[in-house]
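Chains as they are written, first to last, in the working numbering: chain A, 1 to 332; chain B, 1 to 243.
Just so you know, these hints were derived from the structure itself, not from any lab.
We treat Cβ as the ideally placed atom computed from N, Cα and C, and that holds for glycine.
It is possible that some hints are incorrect.
What the hints assert, rightly or not - Anything over 10 angstroms on all C-beta distances counts as not near chain A; from chain B, calculated:
| id | residue |
| --- | --- |
| 1 | Glu8 |
| 2 | Lys10 |
| 3 | Ser53 |
| 4 | Met103 |
| 5 | Arg112 |
| 6 | Thr156 |
| 7 | Lys159 |
| 8 | Thr171 |
| 9 | Val175 |
| 10 | Ile218 |
| 11 | Pro230 |
Stated by the list, open to error - One-sided and incomplete, this derived list gives chain B residues near chain A with beta-carbon spacing under 8 angstroms:
| id | residue |
| --- | --- |
| 12 | Asp71 |
| 13 | Gly72 |
| 14 | Pro75 |
| 15 | Arg80 |
| 16 | Gly82 |
| 17 | Val84 |
| 18 | Phe87 |
| 19 | Ile89 |
| 20 | Lys91 |
| 21 | Gly94 |
| 22 | Glu100 |
| 23 | Gly105 |
| 24 | Phe107 |
Stated by the list, open to error - With a straight-line cut-off of 25 angstroms between C-alpha atoms, the simulated SDA-like cross-links for lysine to any residue are:
| id | chain 1 | residue 1 | chain 2 | residue 2 |
| --- | --- | --- | --- | --- |
| 25 | B | Lys10 | B | Gln231 |
| 26 | B | Lys138 | A | Arg185 |
| 27 | B | Lys208 | B | Ser176 |
| 28 | A | Lys240 | A | Glu161 |
| 29 | B | Lys138 | A | Pro306 |
| 30 | A | Lys240 | A | Met216 |
| 31 | A | Lys240 | A | His80 |
| 32 | B | Lys138 | A | Met216 |
| 33 | B | Lys138 | A | Trp316 |
| 34 | B | Lys138 | A | Ile302 |
| 35 | A | Lys240 | A | Tyr304 |
| 36 | B | Lys159 | B | Thr172 |
| 37 | B | Lys138 | A | Tyr304 |
| 38 | B | Lys159 | A | Asp198 |
| 39 | B | Lys159 | B | Gln135 |
| 40 | A | Lys240 | A | Leu168 |
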Amino acid sequence: MMAVQDSKNRPLWGALILVVAIAPLFSGNQYLLSIAVMTLLYAYLALSWNVLGGIAGQLSLGHSAYFGIGAYASTWFFIHMGISPWIGMWIGAALAVVAAVIVGMSSLHLRGAYYALATLASAMVLKTLVENADDLLGGPRGMEVTLLRNAPWQFQYTSKEFYYVIALVFVALAVFINWRILRSRYGYYLAAVRNEQDAALALGVPTTRYKLYAAMISAAMTAIGGTFYAQFVLFVSPDKVFGANLGVVIAVVCIIGGRGTLWGPVLGALLLLPSEELARSFSGGMLGADMMLYGLLLMLVIWYEPRGLVTILQRWFGRSDRQRLTKQGATQ
Amino acid sequence: MTTNTLLEFKGVGKSFGGLRAIDNVSFTVNEGEIVGLIGPNGAGKTTLFSMASGFLEPTDGQIIFQGTRIDGLNPPRICRAGLVRTFQIVKPFGEMTVIENAMVGAFLHHARPEDAREVAAGVLRQVGLGGREEQVAKTLTLSGRKRLEVAKALATHPKLLLLDEVMAGLTTVEVSEMLELIHSLRASGVSILVIEHNMKAVMNLSNKIVVIQYGKKIAEGAPAEVANDPQVISAYLGGEHAA
Chain A
1 MMAVQDSKNR
11 PLWGALILVV
21 AIAPLFSGNQ
31 YLLSIAVMTL
41 LYAYLALSWN
51 VLGGIAGQLS
61 LGHSAYFGIG
71 AYASTWFFIH
81 MGISPWIGMW
91 IGAALAVVAA
101 VIVGMSSLHL
111 RGAYYALATL
121 ASAMVLKTLV
131 ENADDLLGGP
141 RGMEVTLLRN
151 APWQFQYTSK
161 EFYYVIALVF
171 VALAVFINWR
181 ILRSRYGYYL
191 AAVRNEQDAA
201 LALGVPTTRY
211 KLYAAMISAA
221 MTAIGGTFYA
231 QFVLFVSPDK
241 VFGANLGVVI
251 AVVCIIGGRG
261 TLWGPVLGAL
271 LLLPSEELAR
281 SFSGGMLGAD
291 MMLYGLLLML
301 VIWYEPRGLV
311 TILQRWFGRS
321 DRQRLTKQGA
331 TQ
Chain B
1 MTTNTLLEFK
11 GVGKSFGGLR
21 AIDNVSFTVN
31 EGEIVGLIGP
41 NGAGKTTLFS
51 MASGFLEPTD
61 GQIIFQGTRI
71 DGLNPPRICR
81 AGLVRTFQIV
91 KPFGEMTVIE
101 NAMVGAFLHH
111 ARPEDAREVA
121 AGVLRQVGLG
131 GREEQVAKTL
141 TLSGRKRLEV
151 AKALATHPKL
161 LLLDEVMAGL
171 TTVEVSEMLE
181 LIHSLRASGV
191 SILVIEHNMK
201 AVMNLSNKIV
211 VIQYGKKIAE
221 GAPAEVANDP
231 QVISAYLGGE
241 HAA
């Protein structure tokens, strides 16, 4: 339930991860860096989703709602009130927590597909609301973040290295949060809820409340990712940040990597985002090529190993099968 | 005889729509007792369990545990009060290991994973699952899963354990092992209310038998008395499913 690496290999793995993580910084290639930033952003989002969708096993397809709230909140407070997005992202996180409580209270008692549909619906409702808020939020056109060029205290900079380092720190923090949850009583309780909710109830786990906490943590983390995105592309619109597509992609990245595992969400992003970029460049801009790729990879991975890439890699590297199955593969 | 009442059903009834599943059932479980709850299939035994453990709310009557009304409380609160149930259709946390399953129970009173693991390991040895700690729960045999069901509940340190057909489907040898386990649990101070279809087992095990038919209590008493009660005999032999 805890570590992903064997202890004897740990320094080796740590070094490898570190080298791979900082390598893009030395390439100086801005195109490569922007792909790397998006990969890290999705790794971060998948890690955020993992708390609710993976560890707690609640298949949310509506995380675009929280992402959009984060992106819009920090942007709105920045352009209308001059509040730095570094502070605005916490406002976004707080609003996302409120949204998660509202959505959660009305949907967390639902199980399986009904819950997934309810979350999807909540994201669509929010998108429609934003699209119709022309005066307040710019309606379907969205909002542009005021360009300041090199202003690190306002969360923007002309070089991609700036964003890359921030994204890396975000991913590291998200891994840490997941790790802390997984090795705590709370993590075991969430795993129990995912595996067999009634049995968890009978053993004294307040299942609905704990799922709600997971939803709140997950939503806050996702909203902060939304702020990052807004600052990276300096533009938000309902389509880009509230789209149903996004909510599904976040879930797919995590599921392909390995739901409920520590490194699965990161692996999922490492596989999917670069492949998506390749698909886009080789398909000559054909619309939907990336989504077709997602579908194909999802089918392949789920067919070969429903517990995701983490398990496939563990098997390739000869790790015993019984190890750390706990955190993988929701049963519902 | 001066005994302390641990659990009391007081005129408990439960209706599902127009169906009267439980009608005016009263009985007690005293501290240190093993009480057997028997009756033909569909008599309402599991419904009584579900009400005592908070999964269902009685339509009438009261359920009192250690002097406090618990009917209508939610399962986690009842579990914290010291009453825990197992499920007739076992519900292991399938993808988790055996010890992690037991740890979920142990976490009720031990917040640190290291402590919970220690308690869980002890409970697993007690139920005869020592050595299987790292096995994934869903790969256990039926007998193993029944033991695990007991272990999870035991790890919460209950005062009263409700066992729902933990012997169904076990071989004769496994049944006698389970009987030994239940006796040892009582010796360690846990009182037990047990639903069981295996007549020989339940007669051998219980201080007292309560017989339910069509949602009503038709007999209560020492095993020998109940076994000779004409109403009980007709309930079991007269047209209903034999046990």
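Going through the hints against the structure:
no., hint, in the structure
1, Glu8, "21 angstroms, holds"
2, Lys10, "23 angstroms, holds"
3, Ser53, "6 angstroms, violated"
4, Met103, "6 angstroms, violated"
5, Arg112, "8 angstroms, violated"
6, Thr156, "6 angstroms, violated"
7, Lys159, "14 angstroms, holds"
8, Thr171, "25 angstroms, holds"
9, Val175, "23 angstroms, holds"
10, Ile218, "28 angstroms, holds"
11, Pro230, "37 angstroms, holds"
12, Asp71, "16 angstroms, violated"
13, Gly72, "15 angstroms, violated"
14, Pro75, "4 angstroms, holds"
15, Arg80, "5 angstroms, holds"
16, Gly82, "10 angstroms, violated"
17, Val84, "6 angstroms, holds"
18, Phe87, "7 angstroms, holds"
19, Ile89, "10 angstroms, violated"
20, Lys91, "4 angstroms, holds"
21, Gly94, "6 angstroms, holds"
22, Glu100, "6 angstroms, holds"
23, Gly105, "5 angstroms, holds"
24, Phe107, "5 angstroms, holds"
25, B:Lys10 - B:Gln231, "22 angstroms, holds"
26, B:Lys138 - A:Arg185, "21 angstroms, holds"
27, B:Lys208 - B:Ser176, "19 angstroms, holds"
28, A:Lys240 - A:Glu161, "23 angstroms, holds"
29, B:Lys138 - A:Pro306, "16 angstroms, holds"
30, A:Lys240 - A:Met216, "23 angstroms, holds"
31, A:Lys240 - A:His80, "21 angstroms, holds"
32, B:Lys138 - A:Met216, "31 angstroms, violated"
33, B:Lys138 - A:Trp316, "23 angstroms, holds"
34, B:Lys138 - A:Ile302, "20 angstroms, holds"
35, A:Lys240 - A:Tyr304, "32 angstroms, violated"
36, B:Lys159 - B:Thr172, "28 angstroms, violated"
37, B:Lys138 - A:Tyr304, "20 angstroms, holds"
38, B:Lys159 - A:Asp198, "21 angstroms, holds"
39, B:Lys159 - B:Gln135, "28 angstroms, violated"
40, A:Lys240 - A:Leu168, "22 angstroms, holds"
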